[in-house]
Amino acid sequence: MSDNAALVALLTALADDELILGHRHSEWTGHAPHIEEDVAFSSIAQDEIGHAGAYYSLIAKLTDQATDQIALGREPSDYRNAVLCEQPNGNWAFTLARHWLYDHADDIRLAALESSSHEELSAIATKLRREERYHLLHADSWVQRISSGPVEGRARLIDAMTEAFTDAMGLFEPIELEEAAVKEGWLPVPSAEMKARFVERTTTALDDLGLPTEVRAIDDRAAEFVASSSGDLIENAAAGEGPSPLPIAHGLGGRKGRHSPDFEILWTEMTSTYQENPGATW
Amino acid sequence: MVAPTRSLEDALWTALTGVPDPEIPAVSVVDMGMIEAISTDGTHAHVTVLPTFSGCPAIDVIVADVKAALLKVKGIDEATVETTFSPPWTTARITAEGRRKLADFGLAPPANGDQVLITEIGLPKMSRCPFCGSTNTRNENPFGPTPCRALYYCDDCRNPFEQFKPV
Numbered sequence: 002m003s004d005n006a007a008l009v010a011l012l013t014a015l016a017d018d019e020l021i022l023g024h025r026h027s028e029w030t031g032h033a034p035h036i037e038e039d040v041a042f043s044s045i046a047q048d049e050i051g052h053a054g055a056y057y058s059l060i061a062k063l064t065d066q067a068t069d070q071i072a073l074g075r076e077p078s079d080y081r082n083a084v085l086c087e088q089p090n091g092n093w094a095f096t097l098a099r100h101w102l103y104d105h106a107d108d109i110r111l112a113a114l115e116s117s118s119h120e121e122l123s124a125i126a127t128k129l130r131r132e133e134r135y136h137l138l139h140a141d142s143w144v145q146r147i148s149s150g151p152v153e154g155r156a157r158l159i160d161a162m163t164e165a166f167t168d169a170m171g172l173f174e175p176i177e178l179e180e181a182a183v184k185e186g187w188l189p190v191p192s193a194e195m196k197a198r199f200v201e202r203t204t205t206a207l208d209d210l211g212l213p214t215e216v217r218a219i220d221d222r223a224a225e226f227v228a229s230s231s232g233d234l235i236e237n238a239a240a241g242e243g244p245s246p247l248p249i250a251h252g253l254g255g256r257k258g259r260h261s262p263d264f265e266i267l268w269t270e271m272t273s274t275y276q277e278n279p280g281a282t283w
Numbered sequence: 007m008v009a010p011t012r013s014l015e016d017a018l019w020t021a022l023t024g025v026p027d028p029e030i031p032a033v034s035v036v037d038m039g040m041i042e043a044i045s046t047d048g049t050h051a052h053v054t055v056l057p058t059f060s061g062c063p064a065i066d067v068i069v070a071d072v073k074a075a076l077l078k079v080k081g082i083d084e085a086t087v088e089t090t091f092s093p094p095w096t097t098a099r100i101t102a103e104g105r106r107k108l109a110d111f112g113l114a115p116p117a118n119g120d121q122v123l124i125t126e127i128g129l130p131k132m133s134r135c136p137f138c139g140s141t142n143t144r145n146e147n148p149f150g151p152t153p154c155r156a157l158y159y160c161d162d163c164r165n166p167f168e169q170f171k172p173v
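Those protein sequence lines, which keep their order, are chains A and B. For the first sequence, our numbering puts the final residue at 283, and the numbers step up evenly by one. For the second sequence, our numbering puts the final residue at 173, and the numbers step up evenly by one.
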C-alpha cells in the first residue's frame with residue numbers, strides 16, 4: 002500500500018459521490034416536470050460530474066492511471082459512494098429531498114476540506130464550493146416552496162425527507178483509512194464531527210421550515226448491504242444482529258463498497274460506452 | 007514611431023489574446039482572466055491556465071488552442087500548458103474589455119467586477135439587459151445551457167437573455 006493510500010481513499014469517496022449522484026441527476030434530462038428544472042438538473046449534473054473529474058484527475062496523478070479508467074473502468078464493488086447517491090430518482094419529492102440533504106452535506110464537507118493540508122485538495126474544495134453555492138440556493142428554494150405549499154406536495158416531501166434523512170447518514174460513514182487521512186491533515190475534520198455539524202444544521206433548517214420532527218428521526222436500525230451466501234445482496238443489520246431481516250434500512254455500506262441492487266443497474270448503463278472500447282480517446 | 011522592443015513574454019501574451027473561449031468566441035482567454043502566468047525558459051514557453059467552471063468541457067479545447075497559439079510565436083519551439091485551481095478562477099478576473107465584449111455578444115456580464123466572496127454569492131434578482139439596457143428584468147433560472155450561464159427575461163424589450171454567473 003502506497004504512502005498516499007489514505008488520500009486516494011478519501012478522494013475516491015468524494016469523487017464517487019459526485020459521479021453517481023451526477024448520473025442520477027442527469028436522468029432528469031428530458032424528463033423533469035418543468036422545462037426550467039430540466040435545464041437545472043442537467044446543469045447540476047454537469048457540475049457534479051465535472052467535480053468528480055477534478056477529484057479523479059488528482060487520483061490519476063497520484064496513482065498514474067487514466068482518469069476514465071478510474072471513473073468508468075472499475076468493478077461495482079470498487080465504488081465508494083454513499084448508498085443515498087445511487088438510489089433511483091423515484092418521484093420529484095425524493096429527488097429534491099436528496100438534492101437538499103446531499104448539497105448541505107457536501108457544503109459541510111467542502112468547508113472542512115478547504116483547510117486540508119493537501120494543497121491541491123484544498124484548492125479543489127475552494128473552487129468547487131463557489132460553484133456548489135448555486136446548488137444550495139436551488140435546493141433551498143425548492144424545499145422551502147414545497148414545505149409551505151399545498152397539502153399533497155408537502156405530504157410527499159415529508160415522506161421523502163423521512164426516507165432520505167436516515168440514508169444521508171451514509172454520507173458520513175467513515176472512509177477507509179480515515180484515521181490516517183485525519184492524522185495527515187488531509188481530512189481536517191473526522192466524519193463523525195462532520196455528521197454532527199450536518200445533523201445540527203439540517204435539524205434547525207427543517208424545524209424552521211415547519212416540517213414535523215419525524216422527518217429528521219434517524220432510523221437506528223440503519224443497515225448495510227452485504228453479500229449473502231448465495232452471492233445475492235441482502236439487507237443486514239449493521240449493529241446488533243436482529244432475529245429477523247429489517248425493513249427499509251439502507252444508507253450504510255457504500256464507503257466499504259457495499260451497494261444496493263440499484264447500483265449495478267446504474268453502473269451497467271453508466272459504463273457501457275467505456276466498456277465497449279476501454280481506453281478509446283475522443 | 008518606432009515600436010518598443012517587446013520581450014518574448016509580451017509576444018506570448020499578445021498571441022493568447024487571439025485565442026477565443028470556444029463557448030463564447032467573442033472573448034479571448036486573456037479577456038476572461040484565465041491566464042494566470044506566462045514564462046519562458048529559452049525557447050520553451052510555460053503557461054498556467056485557470057479553468058473557469060470546473061465542469062466546463064471546453065477546458066481541453068482551450069489548453070490545446072493555447073498550446074497551438076504559443077507554438078506559432080517566433081522564438082518558441084516547445085510549450086507546456088498546465089491548469090490549476092489555485093488560485094481559483096472567479097468572475098472578478100474578467101477584464102473590463104472582456105465584460106464589454108460579453109455584453110456586445112448578448113451575454114450580460116456578471117453582476118459586478120468586485121471580488122465576490124462565497125458568502126455573498128446570491129443570484130441577483132435582476133440583471134442589466136444586454137439588448138436594451140433595462141434593469142426591469144427577472145431571473146428565470148439560476149442554471150442555463152452551460153455551467154456558467156443563468157437565464158433572465160427582460161420585461162421591457164421582452165427578450166430572454168443569459169447572464170454570466172458570478173462565482
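Hints listed in this document are in silico derivations from the structure and should not be mistaken for laboratory results. In this text, a Cβ means the ideal position worked out from N, Cα and C, and glycines have one as well. Please note: incorrect hints may appear among the correct ones.
Cross-link-like lysine to any residue pairs, in silico, SDA-like; alpha carbons within 20 Å at most [stated by the list, open to error]: (1) A:Lys62 to B:Lys78; (2) A:Lys62 to B:Gly48; (3) B:Lys78 to B:Lys107; (4) B:Lys78 to B:Asn165; (5) A:Lys62 to B:Val36; (6) A:Lys62 to A:Gly74; (7) A:Lys196 to A:Arg217; (8) A:Lys62 to B:Asp47; (9) A:Lys62 to B:Asp66; (10) A:Lys62 to B:Val69; (11) B:Lys78 to B:Tyr159; (12) A:Lys184 to A:Gly31; (13) B:Lys73 to B:Thr23; (14) A:Lys62 to B:Pro26; (15) A:Lys62 to B:Lys80; (16) A:Lys257 to A:Ser148; (17) A:Lys257 to A:Thr204; (18) A:Lys62 to B:Thr89; (19) B:Lys78 to B:Ser140; (20) B:Lys73 to B:Val36; (21) A:Lys62 to B:Phe91; (22) B:Lys107 to B:Gly48; (23) B:Lys73 to B:Trp19; (24) A:Lys62 to B:Asp83; (25) A:Lys257 to A:Lys62; (26) B:Lys107 to B:Glu15; (27) A:Lys257 to A:Asp79; (28) B:Lys78 to B:Asn142; (29) B:Lys80 to B:Ile65; (30) B:Lys80 to B:Gly39.
Okay, the calculated bits of chain B under chain A, using three or more residues with CB under 8 Å as the criterion [as the list claims (entries may be wrong)]: (31) 39-47; (32) 135-149.
Between beta-carbon pairs, the in silico distance windows are [said to hold, decoys possible]: (33) A:Gln145 to B:Lys80: 55 to 65 Å; (34) A:Gln145 to B:Thr90: 35 to 45 Å; (35) B:Thr90 to A:Arg75: 21 to 31 Å; (36) B:Glu84 to A:Ala67: 16 to 26 Å; (37) A:Leu138 to B:Ser140: 40 to 50 Å; (38) A:Asp209 to B:Pro31: 21 to 31 Å; (39) A:Ser116 to B:Thr90: 16 to 26 Å; (40) A:Thr205 to B:Thr23: 32 to 42 Å.
Verification of the hints:
1. Distance hint between A:Lys62 and B:Lys78 is unfulfilled; the C-alpha atoms sit about 29 Å from each other, more than 20 Å.
2. In summary, the hint linking A:Lys62 to B:Gly48 is not supported, as the alpha carbons are separated by about 28 Å, beyond the 20 Å threshold.
3. Distance check on the hinted pair: B:Lys78 and B:Lys107 sit about 25 Å apart at the alpha-carbon level, beyond 20 Å; violated.
4. For the proposed pair B:Lys78 and B:Asn165, the alpha carbon gap of about 42 Å is over 20 Å, so the pair is violated.
5. At roughly 28 Å between alpha-carbon atoms, A:Lys62 and B:Val36 are farther apart than 20 Å, so this suggested pair is violated.
6. For the hint pairing A:Lys62 with A:Gly74, the CA-to-CA distance comes to about 16 Å; that is within 20 Å, so the pair holds.
7. With a C-alpha separation of about 13 Å, the suggested pairing of A:Lys196 with A:Arg217 holds against the 20 Å cut-off.
8. Of the supplied pair hints, the one linking A:Lys62 and B:Asp47 is violated, its CA atoms being roughly 25 Å apart against a limit of 20 Å.
9. Straight-line distance between C-alpha atoms of A:Lys62 and B:Asp66 comes to about 17 Å, which keeps the hinted pair within the 20 Å bound.
10. Between A:Lys62 and B:Val69 the CA atoms are separated by roughly 18 Å; this keeps the pair inside 20 Å, and the hint holds.
11. For the proposed pair B:Lys78 and B:Tyr159, the alpha carbon gap of about 43 Å is over 20 Å, so the pair is violated.
12. Of the pairs offered as hints, the one joining A:Lys184 and A:Gly31 is violated, with about 45 Å between alpha carbons and a cut-off of 20 Å exceeded.
13. Pair hint B:Lys73 plus B:Thr23 holds up; C-alpha atoms about 13 Å apart against a cutoff of 20 Å.
14. Between the alpha carbons of A:Lys62 and B:Pro26 the distance comes to roughly 28 Å, so the proposed pair goes past 20 Å and is violated.
15. With a C-alpha separation of about 33 Å, the suggested pairing of A:Lys62 with B:Lys80 is violated against the 20 Å cut-off.
16. At roughly 35 Å between alpha-carbon atoms, A:Lys257 and A:Ser148 are farther apart than 20 Å, so this suggested pair is violated.
17. At most 20 Å may separate the alpha-carbon atoms for a hinted pair to count; A:Lys257 and A:Thr204 exceed this at roughly 27 Å.
18. The straight-line distance between the Cα atoms of A:Lys62 and B:Thr89 is roughly 13 Å, inside the 20 Å bound, and the hint therefore holds.
19. Pair hint B:Lys78 plus B:Ser140 does not hold up; C-alpha atoms about 43 Å apart against a cutoff of 20 Å.
20. About 14 Å separates the Cα atoms of B:Lys73 and B:Val36, which keeps this hinted pair within 20 Å; it holds.
21. Straight-line distance between C-alpha atoms of A:Lys62 and B:Phe91 comes to about 15 Å, which keeps the hinted pair within the 20 Å bound.
22. For the hint pairing B:Lys107 with B:Gly48, the CA-to-CA distance comes to about 35 Å; that exceeds 20 Å, so the pair is violated.
23. A C-alpha spacing of about 12 Å is found between B:Lys73 and B:Trp19, which places the hinted pair at or below 20 Å, so the restraint holds.
24. Restraint check for A:Lys62 and B:Asp83: the C-alpha separation of about 26 Å exceeds 20 Å, so the hint is violated.
25. Proximity of A:Lys257 to A:Lys62 is assessed by CA-CA distance (about 23 Å); at most 20 Å being required, the pair is judged violated.
26. Taken as a hint, the B:Lys107 and B:Glu15 pair is broken in the structure, with Cα atoms around 25 Å apart against an allowance of 20 Å.
27. In summary, the hint linking A:Lys257 to A:Asp79 is supported, as the alpha carbons are separated by about 8 Å, within the 20 Å threshold.
28. For the given pair, B:Lys78 sits about 47 Å from B:Asn142 by alpha-carbon distance, which is inconsistent with the 20 Å threshold.
29. Our distance criterion of 20 Å between C-alpha atoms is broken by B:Lys80 and B:Ile65, whose separation comes to about 25 Å.
30. The hinted pair formed by B:Lys80 and B:Gly39 fails the criterion: a straight-line CA distance of about 24 Å is larger than 20 Å.
31. Counting residues of the region 39-47 of chain B whose CB lies closer than 8 Å to any CB of chain A gives 0, so the stated coverage by that chain is violated, three being the minimum.
32. Given as covered by chain A, the region 135-149 of chain B passes the check, having 4 residues with a CB less than 8 Å from a CB of that chain where 3 are the minimum.
33. Look at A:Gln145 against B:Lys80: about 59 Å separates their beta carbons, and that is inside 55 to 65 Å.
34. Range check, A:Gln145 to B:Thr90: about 37 Å between beta-carbon atoms, so the 35 to 45 Å window is met.
35. The beta-carbon spacing between B:Thr90 and A:Arg75, approximately 27 Å, falls within the hinted interval of 21 to 31 Å.
36. Between B:Glu84 and A:Ala67 the CB atoms are about 24 Å apart, so this pair conforms to the stated range of 16 to 26 Å.
37. The hint said 40 to 50 Å for the Cβ distance between A:Leu138 and B:Ser140, and at roughly 24 Å that hint is violated.
38. About 46 Å separates the C-beta atoms of A:Asp209 and B:Pro31, a value inconsistent with the hinted range of 21 to 31 Å.
39. The given range of 16 to 26 Å is respected by A:Ser116 and B:Thr90, whose C-beta atoms sit roughly 19 Å from each other.
40. Between A:Thr205 and B:Thr23 the beta carbons are some 50 Å apart, a value that contradicts the proposed interval 32 to 42 Å.
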